[in-house]
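Let the hints inform the model, and build the full structure from the sequences given.
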Amino acid sequence: MKILVAVKRVIDYNVKVRVKADQSDVDLNNVKMALNPFCEIAVEEAVRLKEKGVAEEVVVVSIGPKACQEQIRTALALGADRGIHVESEKMPDSLAVAKILNKIVSEEAPQLVILGKQSIDSDNNQTGQMLAALADMPQGTFASEVVVDGDKVQVTREVDGGLQTVELTLPAIVTTDLRLNEPRYASLPNIMKAKRKPLDVKTPEDLGVSLDSKISVLKVEAPAERSAGVKVADIAELVEKLKNEAKVL
Amino acid sequence: MSILVVAEHDNKALNPATLKTLTAAQAMGDDIHVLVAGEGSADVAAEAAKVAGVAKVLHADNAAYGHQLAENLSALVVSIGKNYSHIVAPATTTGKNFMPRVAVLLDVAQVSDIIAVESADTFRRPIYAGNAIATVQCAEDIKVITVRATAFDAASAEGGSAEIETLDDVFASDKASFVGEQVAASERPDLSAASVVISGGRGMQNGENFVLLEKVADKLGAAIGASRAAVDAGFVPNDMQVGQTGKIVAPDLYIAVGISGAIQHLAGMKDSKIIVAINKDEEAPIFQVADYGLVADLFDALPELESAL
Ligand SMILES: Cc1cc2nc3c(=O)[nH]c(=O)nc-3n(C[C@H](O)[C@H](O)[C@H](O)COP(=O)(O)OP(=O)(O)OC[C@H]3O[C@@H](n4cnc5c(N)ncnc54)[C@H](O)[C@@H]3O)c2cc1C
Chain A
5 MKILVAVKRV IDYNVKVRVK ADQSDVDLNN VKMALNPFCE IAVEEAVRLK
55 EKGVAEEVVV VSIGPKACQE QIRTALALGA DRGIHVESEK MPDSLAVAKI
105 LNKIVSEEAP QLVILGKQSI DSDNNQTGQM LAALADMPQG TFASEVVVDG
155 DKVQVTREVD GGLQTVELTL PAIVTTDLRL NEPRYASLPN IMKAKRKPLD
205 VKTPEDLGVS LDSKISVLKV EAPAERSAGV KVADIAELVE KLKNEAKVL
Chain B
-7 MSILVVAEHD NKALNPATLK TLTAAQAMGD DIHVLVAGEG SADVAAEAAK
43 VAGVAKVLHA DNAAYGHQLA ENLSALVVSI GKNYSHIVAP ATTTGKNFMP
93 RVAVLLDVAQ VSDIIAVESA DTFRRPIYAG NAIATVQCAE DIKVITVRAT
143 AFDAASAEGG SAEIETLDDV FASDKASFVG EQVAASERPD LSAASVVISG
193 GRGMQNGENF VLLEKVADKL GAAIGASRAA VDAGFVPNDM QVGQTGKIVA
243 PDLYIAVGIS GAIQHLAGMK DSKIIVAINK DEEAPIFQVA DYGLVADLFD
293 ALPELESAL
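The listed protein sequences derive, respectively, from chains A and B.
All residue numbers for the first sequence refer to the working numbering, where the first residue is 5 and numbers rise by one.
All residue numbers for the second sequence refer to the working numbering, where the first residue is -7 and numbers rise by one.
If you're looking for bench data, these hints aren't it; they were derived computationally from the structure.
Please note that a few of the clues may not be correct.
Using C-beta positions, here's what the derived DEER-type ranges look like [claimed, not checked]:
no. : chain 1 : residue 1 : chain 2 : residue 2 : range
1   : A       : Glu74     : B       : Ser(-6)   : 43 to 49 Å
2   : A       : Ala237    : B       : Ala177    : 36 to 42 Å
3   : A       : Asn194    : B       : Pro295    : 47 to 53 Å
4   : B       : Gly172    : A       : Lys24     : 27 to 33 Å
5   : B       : Lys74     : A       : Asp26     : 35 to 41 Å
6   : B       : Met(-7)   : A       : Gly166    : 34 to 40 Å
7   : A       : Lys24     : B       : Asp2      : 31 to 37 Å
Restricting the straight-line Cα-Cα distance to at most 20 Å, the calculated cross-link-like pairs of lysine to aspartate or glutamate (DMTMM-like) are [said to hold, decoys possible]:
no. : chain 1 : residue 1 : chain 2 : residue 2
8   : B       : Lys167    : A       : Asp140
9   : A       : Lys245    : B       : Glu296
10  : A       : Lys251    : A       : Asp238
If you're wondering where the values come from, they're calculated on a predicted model, not measured in any experiment.
We put the CB at the ideal spot given by N, CA and C, even for glycine.
Here it is, written out as structure tokens:
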């Protein structure tokens, strides 16, 4: 079967982002960018399914500016077979992303689509679910285990109460949680090989999807900073302060 | 127009996140309807009808809704969604699962995880693991919104007397089915709603050592949480993870033990009223947000804390 993996270029997870002085957005100038960690887990899962012989081909798609091709190449170096870049200077909202991905799904007809559960920039946690509904596919979100068996997939999901397992009829959508797998590091030869793997470029217009959004950002502010408090010498002082100063005991 | 709040529950009782979501909904408008979809969930519908400020309860009871499968629940919500100006649910794993489907099937964008309601169409929400707060305006005719429950007070559970209307339409996808669940049974308060939380990180070294936290938690009536590193290492189950991608908590007292204070962890707990950090590394970033920091070996500090309480 064919697996489609959607990946996003985001700020590196180690970077603490700053808000621009004019409060129009966060400042991403000269900030290190990377593959969204959950998307990396999605690529790894697809490649493992290929290595197990469950899948024949892994296609990765990313939407965004030209620089996204770096992240597509990263995914190719991790073992994906070919890339699709939907080029757009403007970052679309999740609704438009889901519509674009739905067009790619109808072109590519994958049996399984794997996405990260959320991107660590907008923290929306929407795209996979939206795509599932648009493509009329069942969904297994926040996956910590994925087992493909014939025309079904069993997905174990990380939920607030613990774990839940659902069974879905393929084609289906899976979104990844942190414990699904631990992604490999790309080897140098694989990074070199990735440069020669096919990468197709399209635009949202080619796919007939408008990027107009009904959601506008009015302002982006820094959160109220907590200031560091005091160091206590020992447990006795801690308990005393919690009782008499903070009054939480 | 009216506002629809989709209740979160376990077929027996309303989840406290629902009451907090109702407070957020009340800031958007006043004719509030609550949808209770479940199986054998009549008690929940009755409970929802008593909540102050609820005008009507819609009750859909069928095996299809017993486990809150996103495919079925979203189809049900969409079937009545056009009657509402806002569709609101808590940003729990259930809400996160079905709400984006509701949005896309109504062809509208969704606003996730709001922490404040500025007006009926303008909301504040954290982005970048809470390192920035965006104020967003939503111009959709139907606003689909998930709510970060810890940012709102609970609506009063008593004082209402809403009528309960039964919804008979059944939406049951044949493409998705529930297989099973592993639910951690605990006598402790619910992590997301507890007023005291004590969390352990990689510094705990193994799962057995969490007993040290449990003893303190017993004295404080606290819930127990963990960092991602502690969950990944298999010390404790996933439902204990606090952070950007785990549970968001905002208790009166949060005690972080053997946790370094990565931004992803801070994202889940920095709105706690008082933060205590116990860490043997005085440079650990957790001390930058802690009201009270104790530089100590946790294996000494925890037994001492237990006996001091
Ligand atoms: C996409 C993504 C999402 C993430 N989401 C989350 C999330 O939701 N929640 C989360 O927590 N993390 C999350 N993380 C992980 C996060 O970046 C950190 O790796 C993690 O929080 C570290 O956990 P820790 O503090 O327990 O471990 P460490 O960083 O290893 O810290 C252990 C601490 O224990 C102290 N210590 C060790 N021994 C002792 C002792 N005997 N006595 C006292 N102190 C001791 C050490 O000094 C150290 O400060 C995420 C990461 C990514 C990439």
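Check: Quick check: which numbered hints come out false for this structure?
Finding: 4 and 7
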